[in-house]
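Starting from the given sequences, assemble the full structure and let the hints guide the process.
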Amino acid sequence: MAASTSVVRVLNISSRVTRTLFIKHVNRSRCLLSTTVADKNDPKKQEQTIFKDPVEPKEPSEEQVKLESKLLTLQEEIKESKDKYMRSLAEAENLRKRMMKQVDDAKLFGIQSFCKDLLEVSDVLSTAINSVPKAELKDSNPHLINLYQGLNMTETQLIKVFNKHGLESIAPKEGEKFDPNFHEALFQVPIQSKETQVADTIARVQKIGYKLHSRTLRPALVGVFKSP
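Heads up, the sequence shown is in this note's numbering, so the first residue is 1 and it goes up one at a time.
I should point out that these hints are in silico values taken from the structure, not numbers from a laboratory. Errors might be hidden in some of the hints.
[Unchecked claim] Below, a list of computed lysine-lysine pairs in the DSS-like style, where the Cα atoms sit at most 30 Å apart: (1) K97 to K79; (2) K177 to K194; (3) K173 to K211; (4) K82 to K97; (5) K160 to K173; (6) K116 to K177; (7) K207 to K173.
Here is the structure:
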């Protein structure tokens with residue numbers, strides 16, 4: 001009976017102590033809360049809080065230094081690889097354009113040597129036509145007329161074939177400006193009349209030239225007026 005009475009007393013004392021500690025803790029929390037609210041409302045307190053001495057940063061460790069160094073190295077390698085890649089793309093594009101131009105030139109000028117050989121045939125045909133005496137082209141000479149007409153028809157057809165494949169004649173006229181890209185001067189002719197003749201112009205055409213598209217195969221052989 002005495003033991004149970006002692007236990008009850010101990011429990012009562014423990015309960016009172018616990019209650020007292022709880023009340024003190026609550027009161028202390030209220031004080032801290034009110035102090036915090038007051039500090040927020042007080043500008044001076046806020047200014048002191050803002051301008052507190054900054055915390056000094058810690059020095060990076062050796063491992064962090066190594067990682068940062070490795071990161072910088074990798075960034076430089078990436079930059080260099082990108083630069084090489086862009087240069088390779090540019091070189092590949094330039095090579096593609098050059099190859100396309102060579103292919104186009106081969107399509108346009110692949111028959112260049114064949115055209116040069118045909119020019120000799122055209123020259124011989126023109127010589128044959130010009131050698132026919134015009135005074136003999138009479139009804140009494142039908143064979144010569146037929147021959148002359150056949151030569152002219154052949155020349156006309158040959159010129160059509162030339163034009164079909166981009167082969168054009170270079171036939172300058174007298175007084176036309178001399179162009180070294182299309183003309184070749186064989187001789188000079190003194191100026192006889194300053195009113196109608198000008199220096200460095202075509203005086204006489206010795207042989208017509210030809211060009212394949214924009215490329216000169218054979219320049220026209222001409223004589224040029226020279227200054228007195």
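To see whether the hints hold, each was checked on the structure:
1. K97 to K79: With Cα atoms ~27 Å apart, K97 and K79 stay inside 30 Å; holds.
2. K177 to K194: At roughly 15 Å apart (the allowed maximum being 30 Å), K194 and K177 satisfy the hint.
3. K173 to K211: Given pair K173, K211 holds - Cα atoms ~17 Å apart, limit 30 Å.
4. K82 to K97: Answer holds: K82 to K97 is near 23 Å, not above 30 Å.
5. K160 to K173: Answer holds: K160 to K173 is near 22 Å, not above 30 Å.
6. K116 to K177: 26 Å, holds
7. K207 to K173: 12 Å, holds
The structure shown violates none of the earlier numbered hints.
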